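Participant: Sequence:
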Amino acid sequence: MPIRSIDDLGAVLAWGALGPSDVIAAGTKDSGGVGFDDYGGTLSLYSLFSNDTPTLLSSVSTPSRFSSLSWSAMNNKPEYPQGLLAGGMLDGTVCIWDPEKISTKHPSPQLASIQRHTGPVNSCQFNPNDNSNHLLASCGVDTEVYVMSLDRPDAPSVFVPAPPPNTTKHTAAALKARWNSKVPHILATSSASGLTIVWDLRQKKPWCTIQDVGPTSCLEWNPSEGLHLLTASESQANIKLYDLRASTTMPLATLPGHADGVLGLSWSKWDARLLASCGKDNKTLIWDLHSLQAVHEVTLPAPDTSEGFGGIGGGNAQKKRYDVQWGERGVLSTVSFDRKVEIHNVMGCGMQSGRAPKWLSTGKGVSLNWGGKRVCWGGEKNSIVTIDEVVEREDLKAKSEVFEQHVVSKSYVDYCKLKMDQGGGKVWEFMSMIFHDNARERLVQYLGFDAAQIAESARGVSAAGMGAKETNMNPEVEESVKNALLVGDFEAAVDCCFKNGHLSDALVLSSCGGATLWQETQKRYFQSETRSYLKIVSAVINHSLMDYVESSDVTKWGETLAVLSTYAKSEEFPTLCEALGAKLDASGDKASACLTYLCALNIEKAVQFWTAELEVAPERVLALQEFVEKVTIFSQGEEREWGEVDKLFREYADMLANQGMPEVALKYVKGKGEEVNILRERINKAKIGGAVNQAPAQQPVTQQQQQPQYGQQQQQQQQQQQHNPYVQQQQQPQQQHNPYAQQQQQTQPAPTPPAQSNALPPGWIAMQDPTSGRTYYANQQTGQTTWETPHHQPQQNEAIQRTPSGGSAGTPSLANKYGDGFVSSASNPQLAAQYGNIGTANPYNGAARPAGANVAGSSSGQPHALDQQNTLVEQKPAEIPEEFKPIVESLKSITTALSATQLNGSEKKQLQECTKGCDILAARLATPNAIDPDTIAKTQTLVHALVAKDYGTAGQMSQQMANTVWKDHKDWLKGMKFLIQLCGKKL
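The numbering used here puts the first residue of the sequence shown at -11, with every later residue one more than the last.
Derived from the structure by calculation, the hints contain no laboratory data.
Check before you lean on any hint, since a few could be wrong.
With a Cα cut of at most 25 Å, we get these calculated SDA-like pairs of lysine to any residue [what the hints assert, rightly or not]:
#, residue 1, residue 2
1, Lys398, Ala910
2, Lys405, Val378
3, Lys965, Thr952
4, Lys65, Ser101
5, Lys511, Ser539
Values in this document were obtained by computation on a predicted structure and should not be read as measured data.
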């Protein structure tokens, strides 16, 4: 169904040449039945989409009817704002109009009339190339081809493509002229004899010729490839595609889709894969040139049986289309013999090509993906796809990196101090005190009760009251007290003192009357006195601090906390702090309650407050970072089930992964369940750079492979046999390939497999491959992946595997061990040593990797003496003496802290050298007398300086050792040098 149509207009069309345009020019092709003597025509301009129906903008009369029409932008010259129109007329003239003057109804819109042809002009076309669109080519019934230069339309210059002495020319009517879309001096013309000539105007001679059987009435160049040419004939159904680089006699492809001759062709300049054609078979087809198939038919309206002379219906014969042209993107124009112009939208036609038109495809673009990855791709000339990392929140990444450095090195106090310096609030001050041995003393001082200042103040008060005298006792009362003492009645004496207000005398006398009287007197004293400090004394003496907390003033909670810090026993201090926190929480002072919960080391209560604080935070990202910091520091990495807090940690992990920090993010994936496993899998795949996404290479069954668990053996064997033809061969009796194998099986019983445990070793998790559905295992610390279930490392007292005796049996070949014979040095250290790449990173640790096969030519190829004896060999790692362990542990802590920092490529290589040097030093320290005492002492000084961040001293020690013992210890001193440099920059 057309979207626009113009009735009663038999015409040739030309689309507007200036940018996106809905204007078309129509030149009448027939008289329309107005009379036998009317040979004139009309040139009209229509706006297609300005209204619901096409709008006639303007029109001019012409002395002759049109056979062809072309529109040029004329390089956007200001004097021709709408370009130029050229018409090939039936009287042999080529007329030039200014469409701007036509639109404004200028009295003289025609600029020139060029009379060179002696018969109808069958075709004319402006050069489509920008710098040459002033050139107009025409061809006609007189077999002539002309090129006209319209730099000055009022005085055009005309020339032929190949002037004499060149004699090549058409011998029959020239039917079509088409300029090459890429090379401006190449022109193709076709004729009724089937001859197509490609002219080189620069050389002024034909470049090549194509000879078809019938008349070549249609001709089109590939808009994006200058050497592809389409030809078609009104007497043949096939459309032929020539690649002029390959052959001018044999077409590159033939498009069989029409049942009769082809009347019109148009190759889309917006998408060179799309071609439109119309033919005598009443079909208008759209082709996908990638598949060389017609993908859509622009159907004709249903025939009206009432049409026709004398009741005989003409059907669709008169609706046959003789012209088809691409206009704007996705818009197609057709003209039919029943004098109807139709505009079609092919965007919704449901083409069967399965691909979107090129104008809907983005030439370049960017896509942001999970994990902080950005994918960028270029245009047609740049097919490179780049993947890089994008950090949207630099502030989050910076804070996380600093925090992670302190967590790895367990520098919790330093981090609390850092947060205090940044104005983190009382929470960090309280947490900082928790990590000290004298935390309660520091707490009292922080609350504003400095012991030295209070003692000084008390001494001043005592000096001021030295002159005060106690009230004298009544003689009668004094006599009564004395008499009671004379008979030993201390209770009566104390009672008499209380009744007469001599409380201090009562306390002194009660101390002589026994413990019971002393306690009763104290109680009576505290009840009779109202001074505030006596409540504290009473609570301490009577061990009633809980009552003191419950009766305390919440506005003076600092005083109460100081009392608890000073007098509470260690075992009761947390309970008392929790009670104070509950009292503060009930009063609405949740911030102070949180601080007391910190003192009580009650992380659950503190986390509840922090969670509520997070939910109302105006900026959630940094607030979540702060939340994770508090929980992590306060819990000191304690593993527990957090419930709702685990969800917040997972949210934080997702945020870090999207900032390009999957290694750190993986540490914060807490909890269990499918959702947790999915997130852990995504982060783990991002962490190891896609190694998990590509399924791990399958390892065939070997003699050294551990036995699978019951129920898995058959499945694993079937899977391995399906993918590896070598596995079955290995499982058959091996005497066919190895004469020693049968002897070994007869003389040696099969080893008893160790007891299997369903629990995975630390750091390992089970995951599911999305493509195959199989379960594989990934190590979160090392990034290692394997199909086989990882096992716990054997204890040192367990025997290692038995090595078979005999030369060939004890040294299996690489092909037998790995199935296909392809062995990488990364998975076979012996091969790495043979080729000199010992430093190659090994993705498998020693416990998970099967023992490497011996490589011919290497020293390990000879069987060991212990192997020949078939004895069980026990391997024990060398022990580092206790006095040297601090050196190794400190260096390990420093390298771990450096690995958590942001390093560039060269710094990562330096860190590898550091780690290598530290390992060598550890091995030397474990070997007796490998390092002299003076060098050890200097090494200890160097390490202590690194820990204290005294890099100047560390550098001096390194230089001294380099000057004295470099020859003996350069293998690890080089790593120390890099370690000092990296610490100075990163720590």
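Participant: Take the hints in turn and mark each one as holding or not.
Facilitator: Cross-check of the supplied hints:
1. Lys398 - Ala910: holds, 22 Å
2. Lys405 - Val378: violated, 31 Å
3. Lys965 - Thr952: holds, 15 Å
4. Lys65 - Ser101: With Cα atoms ~21 Å apart, Lys65 and Ser101 stay inside 25 Å; holds.
5. Lys511 - Ser539: Satisfied, since the Cα-Cα distance of roughly 18 Å is no more than 25 Å.
The structure fails hint 2 only (numbered hints given earlier).
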